[in-house]
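**Student:** What follows is the residue order along each chain.
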Amino acid sequence: MKQVKAEILLNKEIADSHFKMVLDLGKLNLFIKPGQFLHIKAGSAYDPLLRRPISIHRIGSNPNIVELLYKIEGKGTQLMSRRSKGTYLDIIGPLGNGFKVPKGQSNFILVAGGMGIAPLMALADNLARFRKRIITVILGARTKDFIICKKELRDIGAKVIVVTEDGSEGEKGLATDVLESIIEQFDLRKSATALKKKHAKGITIAEYGPEVGLYACGPLGMLKAIAVIAKYYTMQAQASFEERMGCGVGACLGCVIQTKAGYKRVCKDGPVFDLEEIAWERD
Amino acid sequence: MGKRLNGLAVRIGRLKFINPVMAASGTFGYGQEYKELVRIDGLGAIVTKSITLKPLKGNAPPRIWESTAGMLNAIGLQNDGIEDFLANRLPFLKDLNTRIIASIAGKCRQEYKELAKRLESAPVDAIEINISCPNVEHHGSARLFAQDAKETAGIVRAVRKATKKTVITKLSPNVTDITEIAKAAEGAGTDAISLINTLIGMDVDITTQRPRLANITGGLSGPAIKPVALRMTWEVYQAVKIPIIGIGGIMSTEDALAFFLCGARAIQVGTANFVNPQTITSIIDGISNYLKKNRLKSIQELTGRLKI
Ligand SMILES: Cc1cc2nc3c(=O)[nH]c(=O)nc-3n(C[C@H](O)[C@H](O)[C@H](O)COP(=O)(O)OP(=O)(O)OC[C@H]3O[C@@H](n4cnc5c(N)ncnc54)[C@H](O)[C@@H]3O)c2cc1C
Ligand SMILES: Cc1cc2nc3c(=O)[nH]c(=O)nc-3n(C[C@H](O)[C@H](O)[C@H](O)COP(=O)(O)O)c2cc1C
Ligand code: FES
Numbered sequence: 000m001k002q003v004k005a006e007i008l009l010n011k012e013i014a015d016s017h018f019k020m021v022l023d024l025g026k027l028n029l030f031i032k033p034g035q036f037l038h039i040k041a042g043s044a045y046d047p048l049l050r051r052p053i054s055i056h057r058i059g060s061n062p063n064i065v066e067l068l069y070k071i072e073g074k075g076t077q078l079m080s081r082r083s084k085g086t087y088l089d090i091i092g093p094l095g096n097g098f099k100v101p102k103g104q105s106n107f108i109l110v111a112g113g114m115g116i117a118p119l120m121a122l123a124d125n126l127a128r129f130r131k132r133i134i135t136v137i138l139g140a141r142t143k144d145f146i147i148c149k150k151e152l153r154d155i156g157a158k159v160i161v162v163t164e165d166g167s168e169g170e171k172g173l174a175t176d177v178l179e180s181i182i183e184q185f186d187l188r189k190s191a192t193a194l195k196k197k198h199a200k201g202i203t204i205a206e207y208g209p210e211v212g213l214y215a216c217g218p219l220g221m222l223k224a225i226a227v228i229a230k231y232y233t234m235q236a237q238a239s240f241e242e243r244m245g246c247g248v249g250a251c252l253g254c255v256i257q258t259k260a261g262y263k264r265v266c267k268d269g270p271v272f273d274l275e276e277i278a279w280e281r282d
Numbered sequence: 000m001g002k003r004l005n006g007l008a009v010r011i012g013r014l015k016f017i018n019p020v021m022a023a024s025g026t027f028g029y030g031q032e033y034k035e036l037v038r039i040d041g042l043g044a045i046v047t048k049s050i051t052l053k054p055l056k057g058n059a060p061p062r063i064w065e066s067t068a069g070m071l072n073a074i075g076l077q078n079d080g081i082e083d084f085l086a087n088r089l090p091f092l093k094d095l096n097t098r099i100i101a102s103i104a105g106k107c108r109q110e111y112k113e114l115a116k117r118l119e120s121a122p123v124d125a126i127e128i129n130i131s132c133p134n135v136e137h138h139g140s141a142r143l144f145a146q147d148a149k150e151t152a153g154i155v156r157a158v159r160k161a162t163k164k165t166v167i168t169k170l171s172p173n174v175t176d177i178t179e180i181a182k183a184a185e186g187a188g189t190d191a192i193s194l195i196n197t198l199i200g201m202d203v204d205i206t207t208q209r210p211r212l213a214n215i216t217g218g219l220s221g222p223a224i225k226p227v228a229l230r231m232t233w234e235v236y237q238a239v240k241i242p243i244i245g246i247g248g249i250m251s252t253e254d255a256l257a258f259f260l261c262g263a264r265a266i267q268v269g270t271a272n273f274v275n276p277q278t279i280t281s282i283i284d285g286i287s288n289y290l291k292k293n294r295l296k297s298i299q300e301l302t303g304r305l306k307i
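Protein chains in written order, with numbering that gives the first Met the number 0: chain S, 0 to 282; chain F, 0 to 307.
Take these hints with a grain of salt, some might be off.
Stated by the list, open to error - To spell it out: a stretch of chain S is covered by chain F in this simulated footprint if at least three of its residues, at any positions, have a beta carbon under 8 angstroms from a beta carbon of chain F; those stretches are: (1) 112-123; (2) 214-223; (3) 249-259.
Claimed, not checked - Only pairs whose alpha carbons sit at most 20 angstroms apart, straight line, appear in this in silico EDC-like list of lysine to aspartate or glutamate: (4) S:267 / F:79; (5) S:263 / F:202; (6) F:56 / S:268; (7) S:19 / S:89; (8) F:56 / S:276; (9) S:267 / F:35.
Unchecked claim - The calculated label-pair distances, taken between Cβ atoms and stated as ranges, are: (10) S:2 / F:80: 52 to 60 angstroms; (11) S:131 / F:91: 29 to 37 angstroms; (12) F:91 / S:81: 25 to 33 angstroms; (13) S:11 / F:35: 26 to 34 angstroms; (14) S:16 / F:201: 23 to 31 angstroms; (15) F:216 / S:87: 37 to 45 angstroms.
The hints are simulated quantities; they were obtained by calculation from the structure and are not laboratory data.
Here the structure is a predicted model, which is why all the values come from computation and not from measurement.
Just so you know, even glycine gets a beta-carbon here, dropped at the ideal spot from N, CA and C.
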């Protein structure tokens, strides 16, 4: 973790209110894990006062060059979008735990709801560096204009399934709607230990071994639905969570979420949590 | 102790500080959280997150909300209790070349006394009594101990009896007359007063028609509260003889200097640590430069020098 003035190499609108920003973090030799984020001071005035957390979207072959993907939500991201190339952005990072890829996992299903693709792209990039890994990405968005990274994902060899709420591209519905059918038809054949099991209601379901992993980022409702699906299919599932942040480094206890083991800090213990850790009922 | 900067040392109680700029309670964790970002050895002091006897799980989220030039927080004193502090947090702190001030919070006089006793043989330099946290429910007539002069005096006396360490009492701004509480604390034997804690506030999401914080209300901090904090520093300076540590919305050297002019002997930086972790370090350097430029021998020459 360092605090640096990062040079903005690119800051470009790629879809309505969606921006891609490329930053040069300087010669820091930082080790960045997919799922980690930067805590960014968007402007120098006192409004907005606090930093804004933005995930690391892609890590360059030179690891000091990182890409961010962000959407204008309010004052902070608005200010970021107005920053021009060649100026410097005050950042703290990399922060948070990042995704962990358990040994022996070879089949990866990534579920991105809207901006959820931001940290998942970095994960996909990383996974694709190793051969013999099956990567499937479900890209869910409101409408086709906000389907981001489809080409980039295909370029690295991932299978991409597009879902839009208005049906303007791919399947119509929510990312979680297709997740189950994908689990059923696609991965079963390729999974080493998946077995068909009779469910109590007479339905046959698949049960997966440790080589299959689910990774998600998106709205809370989506993560909750994925937690249910993951439990049903006995799949390991991790997701990146969001909460309002103060310090970003674990000091203020402002960003906690409720887990089965008590409150945990999204900025330090997260933002990635095992879905089975989360105590949903106490929302 | 560390790099000696001319004219920056101050004395509070029996303690000497290398400089008068400290990290405020609840905004710097237990130091460790910031060790990769800040040269901690150069700080005047670190005030720990408030410590209670038993672990407290804190309030439900969301716990923070940003307001114009400030923020609301309702952490609810989440901490792992005194045993955890002594066993797991203090080992890192005690090896630092900076003063360690343990902030304590209790539900009754007895708890404050007990906390002070447990800390007596521990390697902390001073105790800051947090009687002003707005987020925990208390018994008695006032909502906070800090709103009742008698309760304040009772707690200070209990802690004073239990410890030989320097005792600082931290006041709440959520009172009618802060000088009355300050005088009660002074009378009960506190070595110094720190002020202010956060101002109780709230904000509302008009779309959902719900409060922004799960706790409904929270404490306001940051630049927005500086004028209130300065006013209270000035009022208390005229009312008591013991040293005052000014807190509230300090973001820069200029902000800090204003507190000294209003009567502060030292200052604490809170919310600014979140915005820029280098704030304390840059204020220390800034004060040093100011002294040189204005040919002042010591920062203490500035305390209370407001011209009226
Ligand atoms: C670990 C982490 C990683 C993130 N990564 C990205 C990313 O890669 N790309 C991206 O576009 N966004 C990301 N976000 C969300 C981003 O931080 C917020 O959108 C941003 O802080 C909004 O700031 P603002 O000043 O523009 O909006 P504000 O004016 O502060 O808020 C506008 C709206 O956004 C909501 N909001 C603000 N902050 C958050 C938050 N942290 N979580 C949930 N809702 C929030 C508010 O409730 C409000 O409705 C991430 C958040 C976290 C916690
Ligand atoms: C997130 C947060 C947590 C805090 N926790 C404590 C605490 O545990 N004990 C305490 O005495 N003050 C606590 N405070 C109050 C600060 O120490 C300080 O008095 C207040 O924030 C005003 O200073 P500032 O404007 O520089 O932040 C907290 C403040 C914030 C923002
Ligand atoms: S933002 Fe301060 S602890 Fe997470």
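**Student:** Quick check: the segment 112-123 of chain S, covered by chain F? Criterion 3+ residues, Cβ under 8 angstroms.
**Tutor:** violated (count 0)
**Student:** Tell me if the beta carbons of residue 131 of chain S and residue 91 of chain F are separated by a distance inside 29 to 37 angstroms.
**Tutor:** violated (44 angstroms)
**Student:** For the segment 214-223 of chain S, count the residues whose Cβ lies under 8 angstroms from any Cβ of chain F; is that count three or more?
**Tutor:** violated (count 0)
**Student:** For the pair supplied as a hint, residue 19 of chain S and residue 89 of chain S, confirm whether the alpha-carbon distance does not exceed 20 angstroms.
**Tutor:** holds (17 angstroms)
**Student:** For the pair residue 91 of chain F and residue 81 of chain S, does the Cβ-Cβ distance stay inside 25 to 33 angstroms?
**Tutor:** Given a distance of about 41 angstroms, which is not inside 25 to 33 angstroms, the answer is violated.
**Student:** Given the hinted pair residue 267 of chain S and residue 79 of chain F, is their Cα-Cα distance within 20 angstroms?
**Tutor:** With a Cα-Cα distance of about 16 angstroms, the restraint between residue 267 of chain S and residue 79 of chain F holds, given a limit of 20 angstroms.
**Student:** Using the Cβ atoms, figure out if residue 216 of chain F sits within 37 to 45 angstroms of residue 87 of chain S.
**Tutor:** holds (38 angstroms)
**Student:** Taking 23 to 31 angstroms as the stated bounds, is the beta-carbon spacing between residue 16 of chain S and residue 201 of chain F within them?
**Tutor:** holds (30 angstroms)
**Student:** Next pair to validate is residue 56 of chain F with residue 268 of chain S; report whether the Cα-Cα distance is within 20 angstroms.
**Tutor:** This hinted pair holds, its Cα atoms lying about 16 angstroms apart.
**Student:** Is the hinted pair residue 267 of chain S and residue 35 of chain F satisfied, with a Cα-Cα distance of at most 20 angstroms?
**Tutor:** holds (14 angstroms)
**Student:** Can you let me know if the beta-carbon spacing of residue 2 of chain S and residue 80 of chain F is within 52 to 60 angstroms?
**Tutor:** At roughly 31 angstroms between Cβ atoms, residue 80 of chain F and residue 2 of chain S fall outside 52 to 60 angstroms, so the hint is violated.
**Student:** Take the C-alpha atoms of residue 56 of chain F and residue 276 of chain S, compute the straight-line distance between them, and say whether it is at most 20 angstroms.
**Tutor:** holds (17 angstroms)
When each numbered hint is compared with the structure, violations occur for hints 1, 2, 5, 10, 11 and 12.
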